[in-house]
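Trainee: Sequences are here, hints too, so could you generate the full structure?
Below are the chains, spelled out letter by letter.
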Amino acid sequence: MTAPIVSVITPVYRPVLSELKKCLSSARHDGVEHILVIDGVDNATSEQKLQQLAKKYGATVVVRPTNGGISQATNDGVAASHGEFVLFLDQDDYLEKHWFRMFEIAAETADFVYSDAYVVSPRGRILARLLKPDWSPTRLANNMYACHFFAVRRELFDKIGGMRPEFDGAQDHDIALRISRETSRCVHIPHPLYNWRQSAASTAANPDNKPWAFDAGVAAAQEHIDHLGLSAKVEPIHGSPGCYVSVFSPRRDPISVAVPTAFGVGEGNPQSFIEILLLSLRGHLGSVPGDEVVVISAGEDTSGTLDRIQQMVDFPITHIVDRSPFNFSARCNIAIDACSNELNLLLNDDIEFTAATSLDQLVGNLKQQGVGLVGALLTYPDGSVQHAGHRYNFAPTHAYYQRPNRRAALGELVIDREIDGVTGALFLQQKSVWREVGGFNENFPLNYNDVDYCLKVRALGYRIIQVNSTEAFHHESQTREAAVSQEEIGRLFARWPYSFTSDTYTRN
Amino acid sequence: MPVKKNSVKSVQWPSSDDAAARIQSLRVRDAEIGELVRGHDSVQRIAELEKQVRYLKALSIIERAKNPWWIVMQVRYVIRAVARRVLKR
Numbered sequence: 398m399t400a401p402i403v404s405v406i407t408p409v410y411r412p413v414l415s416e417l418k419k420c421l422s423s424a425r426h427d428g429v430e431h432i433l434v435i436d437g438v439d440n441a442t443s444e445q446k447l448q449q450l451a452k453k454y455g456a457t458v459v460v461r462p463t464n465g466g467i468s469q470a471t472n473d474g475v476a477a478s479h480g481e482f483v484l485f486l487d488q489d490d491y492l493e494k495h496w497f498r499m500f501e502i503a504a505e506t507a508d509f510v511y512s513d514a515y516v517v518s519p520r521g522r523i524l525a526r527l528l529k530p531d532w533s534p535t536r537l538a539n540n541m542y543a544c545h546f547f548a549v550r551r552e553l554f555d556k557i558g559g560m561r562p563e564f565d566g567a568q569d570h571d572i573a574l575r576i577s578r579e580t581s582r583c584v585h586i587p588h589p590l591y592n593w594r595q596s597a598a599s600t601a602a603n604p605d606n607k608p609w610a611f612d613a614g615v616a617a618a619q620e621h622i623d624h625l626g627l628s629a630k631v632e633p634i635h636g637s638p639g640c641y642v643s644v645f646s647p648r649r650d651p652i653s654v655a656v657p658t659a660f661g662v663g664e665g666n667p668q669s670f671i672e673i674l675l676l677s678l679r680g681h682l683g684s685v686p687g688d689e690v691v692v693i694s695a696g697e698d699t700s701g702t703l704d705r706i707q708q709m710v711d712f713p714i715t716h717i718v719d720r721s722p723f724n725f726s727a728r729c730n731i732a733i734d735a736c737s738n739e740l741n742l743l744l745n746d747d748i749e750f751t752a753a754t755s756l757d758q759l760v761g762n763l764k765q766q767g768v769g770l771v772g773a774l775l776t777y778p779d780g781s782v783q784h785a786g787h788r789y790n791f792a793p794t795h796a797y798y799q800r801p802n803r804r805a806a807l808g809e810l811v812i813d814r815e816i817d818g819v820t821g822a823l824f825l826q827q828k829s830v831w832r833e834v835g836g837f838n839e840n841f842p843l844n845y846n847d848v849d850y851c852l853k854v855r856a857l858g859y860r861i862i863q864v865n866s867t868e869a870f871h872h873e874s875q876t877r878e879a880a881v882s883q884e885e886i887g888r889l890f891a892r893w894p895y896s897f898t899s900d901t902y903t904r905n
Numbered sequence: 096m097p098v099k100k101n102s103v104k105s106v107q108w109p110s111s112d113d114a115a116a117r118i119q120s121l122r123v124r125d126a127e128i129g130e131l132v133r134g135h136d137s138v139q140r141i142a143e144l145e146k147q148v149r150y151l152k153a154l155s156i157i158e159r160a161k162n163p164w165w166i167v168m169q170v171r172y173v174i175r176a177v178a179r180r181v182l183k184r
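Chains L and X supply the protein sequences, listed in that same order.
Using my numbering, read the first sequence as starting at 398 and increasing by one per residue.
Using my numbering, read the second sequence as starting at 96 and increasing by one per residue.
Treat the hints loosely; a few may be bogus.
[Claimed, not checked] Below 30 Å or equal to it, Euclidean Cα-Cα: the simulated DSS-like pairs (lysine-lysine) are:
1) Lys104/X x Lys828/L
2) Lys152/X x Lys419/L
3) Lys453/L x Lys494/L
4) Lys828/L x Lys764/L
5) Lys152/X x Lys494/L
[Stated by the list, open to error] What follows is a list of derived Cβ distance ranges for each label pair:
6) Asp427/L x Leu131/X: 37 to 45 Å
7) Asn162/X x Thr580/L: 53 to 61 Å
8) Ser628/L x Ala126/X: 36 to 44 Å
9) Ala160/X x Lys828/L: 48 to 56 Å
10) Ile174/X x Pro801/L: 29 to 37 Å
11) Ile156/X x Arg425/L: 20 to 28 Å
12) Leu524/L x Ala126/X: 45 to 53 Å
13) Pro562/L x Leu182/X: 52 to 60 Å
14) Ser628/L x Asn162/X: 48 to 56 Å
Calculated from the structure, these hints are not laboratory results.
We put the CB at the ideal spot given by N, CA and C, even for glycine.
Mentor: And the structure:
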């Protein structure tokens with residue numbers, strides 16, 4: 398007999414038999430071994446019934462005489478399994494009919510496989526779809542987005558020591574984080590293959606049902622952050638159960654801020670945008686020796702705005718005058734080139750820093766391994782979302798544009814997470830990455846230069862992080878009229894023919 | 096009382112031949128990346144994967160459609176959605 402491809406592990410504790418039947422029948426397939434782990438026997442009849450049920454559906458039973466919790470039960474189940482992969486299925490949940498075929502294809506090149514999921518009512522009616530992103534290690538540290546279902550190569554499961562009972566409640570988050578440190582061969586199946594039943598006692602119905610699970614989640618995430626050598630404290634995000642934020646220690650590296658400007662003035666406001674921006678940087682910039690601002694414009698500062706601001710701020714300002722024809726990309730390149738620090742923050746002049754802005758969060762996220770670019774959550778002054786990252790699905794758009802609140806599936810508006818791209822209105826980068834990708838493409842003089850830039854950064858294997866834990870105002874397009882040139886978008890699609898075909902990180 | 100700071104340093108671009116050369120080298124690198132993207136094997140691979148995903152999605156609908164009850168439910172959803180829209184008007 399050939400070894401099964403996948404062993405489905407289901408710890409069982411006081412199950413509802415009708416739900417368990419559905420669970421067992423859904424996982425039945427050639428090449429699949431189903432292991433039921435009876436986690437503590439409280440009466441002989443129920444064990445007998447479970448044995449009969451397992452026999453009927455061809456499942457193997459492992460009996461634990463006493464209840465030891467989900468991690469112990471899962472580990473015992475895995476120990477008795479023979480599959481190349483182990484997949485975790487809860488006793489009240491069930492898989493979609495075609496799950497195995499999709500899993501088989503995905504597993505060919507993977508160590509870790511996860512799929513989208515349906516949230517279903519106790520009677521099996523679909524209530525919601527949980528559409529997950531492609532592999533996102535930073536996001537995983539802040540939210541266990543990959544659960545239901547996930548499967549891991551058995552060899553890897555054993556190597557990392559299996560589930561840890563001390564993280565019960567967030568044992569899946571803990572193991573996924575440890576897996577993320579071992580492999581990058583992680584594949585997402587972009588289709589719901591798992592039905593997560595919303596029973597009265599499950600976290601799918603009410604996150605308050607298992608408050609200890611979130612404490613365990615914080616502990617698992619903190620251990621992961623410590624293991625990565627990042628100087629940050631993990632805290633739960635209020636109002637978003639299961640979502641965490643890594644609060645980074647104050648930065649030590651100096652930042653160069655690059656700002657192209659036309660010294661424009663907002664409607665009904667006596668101050669110019671550049672003045673509002675530079676004054677709002679007080680308290681954020683200047684605390685680290687070497688912080689600086691580089692302003693670039695087409696003409697001289699005839700009104701003496703910059704000289705006046707210079708007297709009020711703690712960082713030096715350099716003003717570059719570029720009299721060549723207007724090309725926003727070229728101006729950004731010139732300004733960044735003039736920056737003397739390795740960390741460069743590119744800002745539009747209609748950005749305004751607030752008390753919710755934190756450069757420490759941007760720097761902390763940028764310093765993670767493999768990150769090439771980070772952006773912040775930009776809002777209009779009324780609090781609605783202006784920019785929470787780009788989506789490159791069919792055409793480049795802003796994710797959650799104009800959403801009045803921070804409610805979004807899987808905490809997508811509150812957690813720091815991987816994203817397709819970020820706006821050029823505010824991003825932080827390392828100068829070495831800017832050089833490596835060849836800066837901004839001057840063939841995009843006004844629009845989509847940031848989209849092209851982000852695609853280049855990702856093409857070279859870097860990740861881009863949308864840092865939702867830091868916010869700033871964006872008085873968007875008040876400094877110039879928003880106009881999209883068809884020629885520019887045509888040029889973008891010609892250069893990146895396969896990059897606008899499907900969602901990657903924002904799918905809800 | 097605010098302390099008097101240095102005045103703004105003002106520079107005309109290009110400030111030196113070096114600066115202009117650095118910007119020129121960026122343009123060269125950008126063109127290289129463009130070529131890299133065009134010639135990348137992964138472009139073909141991504142196209143294949145996209146096809147596979149579309150196939151699998153179609154497959155899942157076909158498998159679901161084998162269940163007559165699923166079809167009834169879909170029709171019910173559509174009727175309900177249309178009714179809601181009509182009632183909203």
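Trainee: If a hint holds in the structure, say so; if it doesn't, say that too.
Mentor: Going down the list of hints, with the structure as the test:
no., hint, result
1, Lys104/X x Lys828/L, "22 Å, holds"
2, Lys152/X x Lys419/L, "23 Å, holds"
3, Lys453/L x Lys494/L, "19 Å, holds"
4, Lys828/L x Lys764/L, "13 Å, holds"
5, Lys152/X x Lys494/L, "13 Å, holds"
6, Asp427/L x Leu131/X: 37 to 45 Å, "43 Å, holds"
7, Asn162/X x Thr580/L: 53 to 61 Å, "37 Å, violated"
8, Ser628/L x Ala126/X: 36 to 44 Å, "39 Å, holds"
9, Ala160/X x Lys828/L: 48 to 56 Å, "55 Å, holds"
10, Ile174/X x Pro801/L: 29 to 37 Å, "32 Å, holds"
11, Ile156/X x Arg425/L: 20 to 28 Å, "22 Å, holds"
12, Leu524/L x Ala126/X: 45 to 53 Å, "51 Å, holds"
13, Pro562/L x Leu182/X: 52 to 60 Å, "53 Å, holds"
14, Ser628/L x Asn162/X: 48 to 56 Å, "54 Å, holds"
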